[in-house]
Amino acid sequence: MTAAAAATSPHAWLQAQARWNRTEIAFWLATLLPFWLFPDYLVLASQIAITALFALSLDLILGYAGIVSLGHAAFFGLGAYTAGLAAKYGWGEPLTGLMLGALAAGIVGYAASFIIARFRHLALIMITLGMGLLLAELANSLHWLTGGTDGLQGVKMWPIFNKFRFDLYGTTAYSYSLIVLFLCFLVARRIINSPFGLSLRGIRENPLRMPALGASSRAHLRKIYTISAVLAGIAGALLAQTTETVSLEVLGFQRSADVLVILILGGAGRLYGGLVGAIIFMVARDQFSGNTPQFWYFWIGALLIAVVMFLPNGILGGLAKLSSAWRSRA
Amino acid sequence: MSAALATRGLDKRFGSLVVARGIEFSLPLGARYALIGPNGAGKTTLINLMTGMLRPDAGEILLGDEPIAALPPERRVARGLVRTFQINTLFPHLTPLEAVTLAVCEREGVARTWWRRVSAYSGVVDEAHAILSSLMLGADCYRPTRELPYGRQRLLEIALALATRPKVLLLDEPAAGVPRDESAELFAAIANLSRDITVLFIEHDMNFVFRFASRIIVMVGGRILLEGTPEEVSADPRVREVYLGKSHRTGVHHG
Amino acid sequence: MIAPVIGVLFDGFAYGMLLFLLSVGLSVTLGMMNFVNLAHCAFAMLGGYVTVTLMNRLGWPFFASLPFAFLLAALVSVVFERTLYRRLYRASELDQVLLTIGLAFVSVAAAAYVYGTVQQPVQMPSYLRGSVTVLGVSFGVYRLFLIGTALAITLLLVGALEYTRFGAQVRAAVDNQRMARGLGINVEGAFAFTFALGSGLAGLGGGLAIDIVGLDPSFAFTYLIYVLIVVSVGGLGSIGGSFAAATLIGISDVAGKYYVPELGAFLIYLVMIVLLMWRPAGLFGRR
Ligand SMILES: Nc1ncnc2c1ncn2[C@@H]1O[C@H](COP(=O)(O)OP(=O)(O)OP(=O)(O)O)[C@@H](O)[C@H]1O
Ligand SMILES: [Mg+2]
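Sequences listed follow chains A, B and C, in order. Add 5 to a position in the first sequence, counting from 1, and you land on the number used in my numbering. Add 417 to a position in the second sequence, counting from 1, and you land on the number used in my numbering. Add 6 to a position in the third sequence, counting from 1, and you land on the number used in my numbering.
Don't take each hint at face value.
Unchecked claim - Rough simulated footprint, nothing fancy, chain C against chain A, three-plus residues with beta-carbon under 8 Å: (1) 37-44; (2) 252-265.
As the list claims (entries may be wrong) - Just a few of them, taken from the derived set where beta-carbon distance is under 7 Å, the chain A residues facing chain B: (3) P15; (4) H16; (5) P200; (6) F303; (7) W331.
Think of the hints as simulated: they come from the structure by calculation, not from any bench. Think of the CB as a built atom: it goes at the ideal place given N, C-alpha and C, for glycine as much as any other residue.
With the hints as constraints, model all of the structure from the sequences given.
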């Protein structure tokens, strides 16, 4: 730390860690720009916000608690199908629909957390992968309910607060998604600045030391896994509501892999990593993937290799390193 | 007056390698004991057994009057049996302030709270800072742990253990790898610990062992060879033999 | 009445043998280095495409192509092992997962670029086509050949592991790497060789798989999942475990798809999760 820190009190130092800084405020102000600068891209912008929320939910377990999940789409999909089904069968109110999605994902996440917290390493990867695949297969075979490969049709949303209709340009969709993202972000930010968040970082940094401090890592892991499932469920519900359809790919392995890529690209364990990653990934995909998705994945693969080899903390980690090098030179 | 910590007939083997065999000893309240023995004698393994990181094949462990062998490690810590690690087992990206605050939060049961900031718990933060200051880490407590000099990290090992308010503290080579002048400082800090804490430390440097321990337990090949005062141990021919080899006749003496 | 059951068992067993060839290499290398290699099936896919290319473009016979599927997969894998993988042996499993998923993505895209996304047709030699009927049950000749090959390879592997010096080193390294190093075994070297051998076997499996499951660029991910299931159910580093798990998974998959097609692969995933919860280290794992 800087020389100034040495003079501060521990309270002041800890408070400073949790304080909003200028870059953060600028970032959130910038999320409003699309309304004026890219009014034609608000649909894309809302999808970015949704993906960012999904990545944020993964960050809480992977970046902060060290749980590697290859099946996080399970909760995204649960939220999406719950909100979609509620609207299809007559309850199109968005906010309660969102809560239903969160609830469904949270319940399944809580049940799964008892399994997740017991495992590490390969077994954990396999179990998360297996649960994701299991749910995808289940949705596929429950054709009468989910519409199977045809997707869930007939999702009709009511206006938000009975006032704001979901329009074709995505103005409502983006406003809605952005507000929900921001609120969830506030929750996540509070979590990581709390004593609980400190313990999570401890688990990530050194799971061996935690029991030697009298900490029960499993209880912490169960809790954060459930919270993360809730946030992922909200993201999924948002997608169902703003697109008024749910397709099987909300549960697919591809989605779990994509969100992992997004988070790693942005930088895990930094709260903003998933957000920055989502913006870059979604914009790039919108521009480049076109009608040859396999080449898109070539670049994604090459990028992953490059990040692991040369940029271990993602884009934000690289930037942080650059800026500290810059400051120490100045 | 019962012992602070006692074991009865602890056995442990890794495959065919016997690392603990019939281990029995007891630490009186407030004791300062040293555990010595050649490399591979099973000292660290014994700490692992007592703290629950390894499961003994047989035997009983008593903390005060309570049998604890069935408890998981974190519950033993909650009852006051705490250890440090021979190889630094720290949180590389956390600052010492954060790490010790974490430990205090866990002890106080506030680590479950996720809706309030850490800085809102000023009592906890004050205590963490006080522990760090008492171990001369006050000035370094805002730097990420991995950037600290090695000797400071060894001190942080102890600070983390103290933050759990131990009744019995097991120190596994607290000065391992630390230059000599710094290790004197480290042992001075250990000597200053409250007499309410019962301490067992592993150490290879006989000067420190004789200076800071009231009694010494000697372990060889997974067994306790003998237990006695520093004088008894240094006078025992068996100890000289295992420690210094048969050719070496100068013996163990006070430094 | 009984004939379809035997037919399903037979097809399932043949399929299991295929899964065994595809996964045994990953199991042993995972047991040795704990390296999570999600690109394993990319090497199998490479073997498949080598076979297809040699047969369809150069007109080589099937049996002449297979050794090259093995060799090329082994060779390419060891190049990656020396250049990329080895730098991550001590890294977190997350980094390993990311690197190897990245490789798998690249391999899928490369295969799609060169061969397109369509299924590759292969013409098996006439003596491997058709079936023989015994007591009213018909057995596919190709599947018989596949079973024979897999069993022969299993015997070779087990023999090599049990009775050669190198096998003893590999076993020691799987058992306890620390101790193996202490005994002066060159664990890295043994690993590189095992890695090449395992990938080569996967490549061979890829070549043999075409006639049964087809070949397109999604192979690297579709079969990765099966292979991971086999490995994690069988237990790391255990050839016998992989064999048993592959048989179990092969038969349950074929039977599931035959008797309850509407459930799809659901049963397999369920079997895996339940088995893992019951025995996290796999059926034959000791850790
Ligand atoms: N997990 C393990 N698996 C197998 N053997 C082990 C394991 N842990 C320790 N050992 C062996 O047990 C023996 C005792 O080890 P231990 O670490 O307890 O020795 P120590 O007395 O602490 O030695 P040192 O003074 O070097 O720290 C050693 O031979 C060691 O190699
Ligand atoms: Mg030791």
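ask   = Within the assertion that chain C covers the region 252-265 of chain A, do at least three residues meet a Cβ-to-Cβ distance smaller than 8 Å?
value = Answer holds; 3 residues pass the 8 Å Cβ test.
key: Evaluation of the interface hint that places A:H16 against chain B, nearest CB under 7 Å   = Holds: closest Cβ of chain B sits about 6 Å from A:H16, inside 7 Å.
Proposed interface contact between A:W331 and chain B, which counts if any beta carbon pair is under 7 Å = Not OK, violated: A:W331 not within 7 Å of chain B, min 19 Å.
inquiry  = Quick check on the hint: A:P15 CB to chain B CB, less than 7 Å?
reply    = Nearest chain B Cβ about 4 Å off; hint holds.
ask   = Taking the closest Cβ pair, is A:P200 under 7 Å from chain B?
value = Where the cut-off is 7 Å and the nearest Cβ of chain B is about 4 Å from A:P200, the hint holds.
request  = Verify the interface restraint on A:F303: the C-beta must sit less than 7 Å from at least one C-beta of chain B.
outcome  = 34 Å, violated
query = Does the region 37-44 of chain A contain three or more residues whose Cβ lies closer than 8 Å to a Cβ of chain C?
reply = violated (count 0)
The structure does not agree with the numbered hints 1, 6 and 7 stated previously, though it agrees with the rest.
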